[in-house]
Amino acid sequence: MKSSVIVFPGTNRERDVADVLAAVTGTAPRIVWHGDSEVPQSDLIVLPGGFSFGDYLRCGAMAAHSPIMRDVVAKAKAGVPVLGICNGFQILCETGLLPGVLQRNASLKFICKDVWLKVESTRTRFTGCYNQGEVAQMICAHGDGNYFADSATLDRLEGEGRVVFRYCDPTGNVTPEANANGAQRNIAGIADATGRILGMMPHPENAAEAMLGSVDGRKLFESLLAA
Amino acid sequence: MKARIRITLKNGVLDPQGKAIQNALSGLGFKGVEEVRQGKYIEVDLAATDEAAARAEVEKMCQELLANTVIEDYAFELSAR
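Protein sequence lines, in the order shown, are assigned to chains A and Y. The numbering used here applies: residue 4 is where the first sequence begins, and numbers increase by one. The numbering used here applies: residue 31 is where the second sequence begins, and numbers increase by one.
Hints in this document: simulated from the structure, not taken from any laboratory. Any given hint could be a false lead.
[Stated by the list, open to error] What follows is a set of in silico ranges between Cβ atoms, one per label pair, in the way DEER data are often shown: (1) Y/Ser109 <-> A/Thr178: 51 to 57 angstroms; (2) Y/Asp103 <-> A/Gly136: 46 to 52 angstroms; (3) Y/Ala77 <-> A/Gly164: 47 to 53 angstroms.
Glycine is no exception: its CB is placed at the ideal position from the N, C-alpha and C atoms.
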């Protein structure tokens, strides 16, 4: 499986995700600079975490207009799976590939901690190796992860089974206390209608080795191989 | 021409920063602060001298980059530089 990881000025998790992709797929991904105009032929495009363009204006707003994004959007619409993690999720929302927006955390604090996610949909290219309702432990590290969309959009996402991950407690209860950042309906990750584009705030790539405290994120990458 | 653009959060969109400012103002002893909403102010100097053309241009800038219309409203004034 060939994958490409896009790097913007201020991206900082590209090596983490490249490492996991190399380990899981057996092929090191290509690192693609945001100023390029074309993504090499890929079976997966990753927009990794970080602080592209210093989060100026709005998180992901500048990156969404980088030269490479024209081709990322075109390839996404042509069916190439796209994974946006953290800042990558913010960028996907700013491009309009996913609906809604990530606002400042309700606490106004940067959150860096373990979170538990309830897998709400296994019908995406990224979640086939999970069980419906499974609880996955991952890490989150963000200041702007508070998912917002109007209630009509949220109802549509729920109705179409596009809410993929929700913040929950370690036993799988979706509670206000477990909601790390104030996201509406505890939403931690959503997919497009085809299940080929996934945006999520927590970092599966940082929960893929026992040494890091959890391997629950590894299945997300294994799902891509199995799909 | 100069465009003075104000970007504000839509009604009903939570503004945790505005809340924090409100709490700080109360802490400083300002009484009767009922609500604070924080927004952005952007000035853009344009080469255009025709107002209608400048208006269309700034409108497009707001739609495409300066505001995220999912959560934000924008308004602007144009004046001679």
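For each hint, the structure was consulted:
1. Y/Ser109 <-> A/Thr178: 51 to 57 angstroms: 52 angstroms, holds
2. Y/Asp103 <-> A/Gly136: 46 to 52 angstroms: Check failed, 39 angstroms falls outside 46 to 52 angstroms.
3. Y/Ala77 <-> A/Gly164: 47 to 53 angstroms: 50 angstroms, holds
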